[in-house]
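Those sequence lines, one after another, are chains X and B.
Numbered according to the numbering used here, the first sequence spans residues 1 to 262.
Numbered according to the numbering used here, the second sequence spans residues 1001 to 1262.
In case anyone wonders, no lab produced these hints; they're calculated from the structure.
Do not rely on the hints blindly, as some may be mistaken.
As the list claims (entries may be wrong) - Only some residues are given here: those of chain B computed to face chain X with a beta carbon under 10 Å:
1. R1109
2. Q1234
3. Q1237
4. E1242
5. S1251
6. G1252
7. T1254
8. R1255
As the list claims (entries may be wrong) - Here are the computed lysine to aspartate or glutamate pairs in the DMTMM-like style, where the Cα-Cα straight-line distance is at most 20 Å:
9. X:K196 - X:D139
10. X:K134 - X:E59
11. X:K124 - X:D180
12. B:K1221 - B:D1240
13. X:K157 - B:D1140
14. X:K60 - B:E1030
15. X:K157 - B:D1073
16. X:K157 - B:D1180
17. B:K1060 - X:E30
18. B:K1124 - B:D1140
19. B:K1157 - X:D240
Stated by the list, open to error - Derived Cβ-Cβ restraints for the label pairs, each shown as a range:
20. B:R1244 - X:D178: 42 to 52 Å
21. B:R1244 - X:D180: 44 to 54 Å
22. X:Q237 - B:E1083: 26 to 36 Å
23. X:D178 - B:T1224: 37 to 47 Å
24. B:T1080 - X:T224: 34 to 44 Å
In this text, all values refer to a predicted model and were calculated from it rather than measured experimentally.
We treat Cβ as the ideally placed atom computed from N, Cα and C, and that holds for glycine.
Number of protein chains: 2
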Amino acid sequence: MAGTDSTQPHWATMPYGGPAIILVRPQLGENIGMCCRAMLNNGLLDLRLVEPRDPWPNEKGRAAASGADIVVDAVQVFDTVSEAVADLNRVFAATARPRDSSQIVLTPREAAPTFHSSAQEGIKTGVLFGPEAKGLSNDDVVMADAILAVPLNPAFKSLNLAQAVFCIAYEWYQTGVDMDAWREETSTRGAAPALKKDLIHLFEHLEQELDDCGFLRPPEKRPTMVQNIRIMFQRAQLTDQEVRTMRGIISGLTRKHLRGRR
Amino acid sequence: MAGTDSTQPHWATMPYGGPAIILVRPQLGENIGMCCRAMLNNGLLDLRLVEPRDPWPNEKGRAAASGADIVVDAVQVFDTVSEAVADLNRVFAATARPRDSSQIVLTPREAAPTFHSSAQEGIKTGVLFGPEAKGLSNDDVVMADAILAVPLNPAFKSLNLAQAVFCIAYEWYQTGVDMDAWREETSTRGAAPALKKDLIHLFEHLEQELDDCGFLRPPEKRPTMVQNIRIMFQRAQLTDQEVRTMRGIISGLTRKHLRGRR
């Protein structure tokens, strides 16, 4: 499938594909498009529709996909759930009402490792989602090996279709993402905390100036005041640049003070 | 806030409130409504808008909220970010571009425990989200103590606004949800695996009938055939009822077989 298609390497976020997403009798093209976007956000590429009410492709759907054309263009449409899952080995049914069935119930987080290990063993997986208003029928749920259900506010647990797809795609991606690479990519410029020796020099500079101006009095309170000030600046996790900025601020304020006294 | 309002106990999914969600200059009322729904799905009640382009309340927004009226009706609108965060103690900025800043970057999953521990200590938290098209400005991001960023497909990481809100609300809820209560609520009827003694009786019944009809021949292959059949039925994790069903099936097939021979 697209997920392992070597002609589109820049879309393959993992060295193997994720689950196929199968929307059963979806109603709104717009929701299908939002599902495409949610899938591509999380590196899923294989979307299948069973009897969509709005024909596909569809302009509202493409607009709602916000540029996830690689998913939009690869969508496959089927007449029945049986045909849509025919080439898969393991199928999950996403439903908010697991009680109706006697199948095994997993959360998306619990199921995520299974999607990865299955793909690595060459076992193709998929997840069925029901129509917006009613969810999957019992006949659809029986097509699945197990149920996926999301722990949500019991008083308001009906998810928007694209949110349900997002949730499962997100858990899949989070389980497989290379967090070291992500940290590398998102690490902010020079955000590492300064060396302690530079921080201690800052403290000594500040305390020298505060002694000079008489702030650290009376002497019996000095140790506690120094401790509290050091704790306050420690907590700020100052970077190298920020330590230099603070020393400049102290020098600046001291000069102004001296000028004021002249 | 609403999250701890004793007049609406059935909406309070946790004994304490979650983070306020602050949408900065959101454009579409529909997106705001979808945020309301995503929040209530995950037990968040406190939504704040700063300079929404579409006026609020707004009919498209209410429709998109799909019944999350408790959130829709409690929305507060502010002129500036400063006013929207004034009564909060700790603020995060959700952004896809953490490199622009030198603030600490956490994933929603990493930040979730902080929301819970803060609330339990009486520290009020909030999360800023930027407008659909552009995200938060640098001036907005500087209002925050830390950045929230979601590890996503690097080639397609722009989330729909409601998906971004969902992601953070979901991680908050998952970290606090009482999974024992959830299991209790979702446990499927009689789905527990049968006792091994009943399964062994089923195996013995089946193997007796298979010996009688000559299926388990030649004798030197019998042990392996029996093992493979037992493994197959073990894997199905049969329930009590299913063991009885299987025994009925064996009896039924045997009777038919006998009738066929008469």
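Hint by hint, here is what the structure shows:
1. R1109: Holds. Min distance 7 Å.
2. Q1234: The hint is violated - Q1234 (chain B) has no Cβ within 10 Å of chain X, the shortest such distance being about 15 Å.
3. Q1237: This interface hint holds because 7 Å falls under the 10 Å limit.
4. E1242: holds, 8 Å
5. S1251: The hint is violated - S1251 (chain B) has no Cβ within 10 Å of chain X, the shortest such distance being about 22 Å.
6. G1252: violated, 21 Å
7. T1254: violated, 26 Å
8. R1255: Result: violated, 27 Å to nearest chain X Cβ.
9. X:K196 - X:D139: Judged against 20 Å, a Cα distance of about 65 Å means the pair is violated.
10. X:K134 - X:E59: The hint is violated at about 25 Å.
11. X:K124 - X:D180: violated, 27 Å
12. B:K1221 - B:D1240: Cα-Cα ~30 Å, so violated.
13. X:K157 - B:D1140: violated, 32 Å
14. X:K60 - B:E1030: holds, 15 Å
15. X:K157 - B:D1073: Between K157 (chain X) and D1073 (chain B) the Cα gap is close to 19 Å, so the pair holds against 20 Å.
16. X:K157 - B:D1180: holds, 17 Å
17. B:K1060 - X:E30: holds, 15 Å
18. B:K1124 - B:D1140: Given pair K1124 (chain B), D1140 (chain B) holds - Cα atoms ~18 Å apart, limit 20 Å.
19. B:K1157 - X:D240: With Cα atoms ~31 Å apart, K1157 (chain B) and D240 (chain X) exceed 20 Å; violated.
20. B:R1244 - X:D178: 42 to 52 Å: holds, 49 Å
21. B:R1244 - X:D180: 44 to 54 Å: Since the Cβ atoms of R1244 (chain B) and D180 (chain X) sit about 52 Å apart, the hinted range of 44 to 54 Å holds.
22. X:Q237 - B:E1083: 26 to 36 Å: At 28 Å between Cβs, range holds.
23. X:D178 - B:T1224: 37 to 47 Å: Distance hint for D178 (chain X), T1224 (chain B) holds at roughly 43 Å.
24. B:T1080 - X:T224: 34 to 44 Å: Since the Cβ atoms of T1080 (chain B) and T224 (chain X) sit about 38 Å apart, the hinted range of 34 to 44 Å holds.
Hints 2, 5, 6, 7, 8, 9, 10, 11, 12, 13 and 19 from the list above are not met by this structure, while the remaining hints are.
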